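Residues per chain are reported as follows:
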Amino acid sequence: MTVTLGKALNAALRDAMREDDTVLMFGEDVGALGGVFRVTDGLAAEFGEDRCFDTPLAESGIVGMAVGMAMNGFRPVVEMQFDAFAYPAFEQIASHVAKMRNRTRGAVGLPMVIRVPYAGGIGGVEHHSDSSEAYYAHTPGLKVVTPATVADAYSLLREAIADPDPVVFMEAKKLYWAKDETTLPVTTERFGTAVVRRAGSDATLVAYGTAVPVALEAAASAESDGRSLEVVDLRTLVPFDDETVAASVRKTGRCVVVAEAAGFASVSAEIAARVQERCFHSLWAPVLRVTGWDVPYPPPVLEKYHLPGVDRVLDTVERLQWDDVPDPRFLAGSR
Amino acid sequence: MTTQAEHRMPAATSAAAAPADAHLLPSAEPIRFLDDDGGPAPGDAHGRYERPSTELLRRAYDAMVLGRRFDAQATALTKQGRLAVYPSSRGQEAGEIGAVLALRETDWLFPTYRDTMALIGRGIDPVEALTLLRGSWHCGYDPMATRTAPQCTPLATHAPHAVGVAYAARRRGEDTVALVIVGDGGTSEGDFHEALNFAAVFHAPVVFLVQNNGYAISVPLSRQTAAPSLAHKGVGYGVRSERVDGNDPLAMLAVLTEAVESARAGGGPVLVEAHTYRVEPHTNADDDSRYRDHDEVEAWKRRDPIARLEAHLRSRDELTDDDVAAAREAGEAFASRVRERLSEEATGDPADLFAHVYAEPTPQLREQAGWLAEELAR
Ligand SMILES: Cc1ncc(C[n+]2csc(CCOP(=O)(O)OP(=O)(O)O)c2C)c(N)n1
Ligand SMILES: [Mg+2]
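Chains as they are written, first to last, in my numbering: chain A, -13 to 321; chain B, 80 to 457.
Just so you know, the hints here were simulated from the structure itself, not pulled from any lab data. The model shown is predicted, which means the values in this text are computed figures rather than measured ones. By construction, the Cβ of each residue, glycine as well, lies at the ideal position given by its N, Cα and C atoms. Among the clues, some could well be false.
[Said to hold, decoys possible] If you want a taste of the chain B side facing chain A, the calculated C-beta under 8 Å gives, among others:
| no. | residue |
| --- | --- |
| 1 | 108 |
| 2 | 217 |
| 3 | 222 |
| 4 | 223 |
| 5 | 276 |
| 6 | 370 |
| 7 | 374 |
| 8 | 436 |
| 9 | 438 |
| 10 | 443 |
[To be verified] Only some residues are given here: those of chain A computed to face chain B with a beta carbon under 10 Å:
| no. | residue |
| --- | --- |
| 11 | 36 |
| 12 | 44 |
| 13 | 51 |
| 14 | 57 |
| 15 | 62 |
| 16 | 78 |
| 17 | 91 |
| 18 | 151 |
| 19 | 169 |
| 20 | 171 |
| 21 | 224 |
[Claimed, not checked] Quick look at which bits of chain B chain A covers, simulated, 3 or more residues with Cβ under 8 Å:
| no. | segment |
| --- | --- |
| 22 | 246 to 254 |
| 23 | 263 to 275 |
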């Protein structure tokens, strides 16, 4: 069956709500409208306004109320309408959602999911395209998940809802309309497992979210140039799968991290650090990154210069010192 | 559902009709039963409220005396280095104890860092209650077993949690109420407003107790708000609101009990503003001479809640010298046990660092716990 990623998320919510009546869905416009991206389409109709409901427009209140409901027997799933509109909830997320289990020595767990449509590439005007994953991934106590395939969208969301810990579930907006042949329900690899999406032997592309299809396309294109690129899809940023990433890089000896978020102090920076810590003696070249520039997310007409595309990935692969030539970009005095 | 047309065409209102918000508005003056010396307050200052039972007032008296002695002991322990810091609630006993006596065991309390006295009033073990301020862990008691949330430091951020807990209980058909305590400064935070709004929209059984003690560290109430009162903040959200003489234990018990029972009965959330005063500095580490006059503190000390309750009960022969002595002795005994139990230096197990970050530690946390263990074994 051909399914879009958005529909797979919808099916995951529906199936979770059918199986467990403590699962609730709430947020802004998630009721009658079905969410601005229609991820909650039909849930209010099937489960009633008690199970899927609209709240006042207040993100901190939404997450804060979810904390209380999770403390008291429910499994709330809340939708933040867009990445940048989750910022009002950041204090709740950083100070309470992430810390409750730890500060109460395990007495109070918060089984809740915060769904965040994120990242760009959809021509959104400002404040609608942020890649905000680093804020959450940097906050101990949160799990951070970002599916790049239709099957993962279903399976990882089901797992997120069943998880005893709070999960920030990052949904790449551009991928909502991605299609795949999938039969639902489907169970894919567990949280904390990265997956090799394409095997290769010359270099590893580590990617997540919107960067996964870019990396796959780059790998397909590189093949015709005689380069065999392996593509690793992280799937969950927290917990992080060091093993799969390191095994791939030890095998290929070269690594490029691809991610849409600005590179400075980012998840991609963390991955590069971890790879060089673990794989230094297997590396033939420094770990390089292809990321968004360190600028506020640009307006739609400039998006194409910002987003890591196939060409930029391939150019970066070429800089992996294939002939033992140092990367001119980073030579002392090169700027 | 309101249609577009209804939005554009407000229904005609008669000038003589009572404003639709009258039932939400607080009384013109704070509710009080007692004058500043514990005599009867003049006129109908207690409004529609009834005097709490003598039995309840006697329990309140004992708990307030014990609470104050505990509070003094905790401040003393900071001087001996046994507590990292202590924010005193001396002078606010009527609110601290009134709140917990208004609740059933099955109700939830959402306290702040200043409300350790309320934890003691709820019967939480004092060493567990002081864990945060002792610095040995963040929360020392079990919130699920005690129905008491961890003491909250990020101002007002626990208010939406109270709404969630109360709404969840209501959804299951339970008659649980949640009471959340917020300071006057905390009422300026966004979460206070979001919580009021959510509580009203979802008709959640929550009581918001604002302990208006005049200051947020050094900042006086006048810099916090230009509203006629903090209780008025409820009205804009459709939350029934009341203001009370926070140093009058009769008034606090009467209003809080009514608020809790009204919420329990399905009347929706209630906001109670207690007019009280922080007679101690913000914490033991604060120098309050930089921002307030000694005279102001002394004036408030003369409206002491325990003295007022004592005078009231004595005037009705409901409290004897022996009762007073017994309450004080119980306070002394409690304080000396606390002193003894905290006589040792607080310690912590480094392995606890990695416990309970997640239900199951991530591979990274397991690895890091191992590295720390190796470091410590050297
Ligand atoms: C969000 C946030 N901002 C600042 C602080 C620092 N802070 C701690 S207590 C306090 C004053 C709070 O005053 P109030 O709400 O009146 O409570 P009180 O201490 O008087 O009981 C401040 C500013 C904090 N804890 N949380
Ligand atoms: Mg104050």
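**Q.** Violated hints - listed by number, lowest first
**A.** Result: hints 1, 6, 7, 19 and 20 break, sorted rising.
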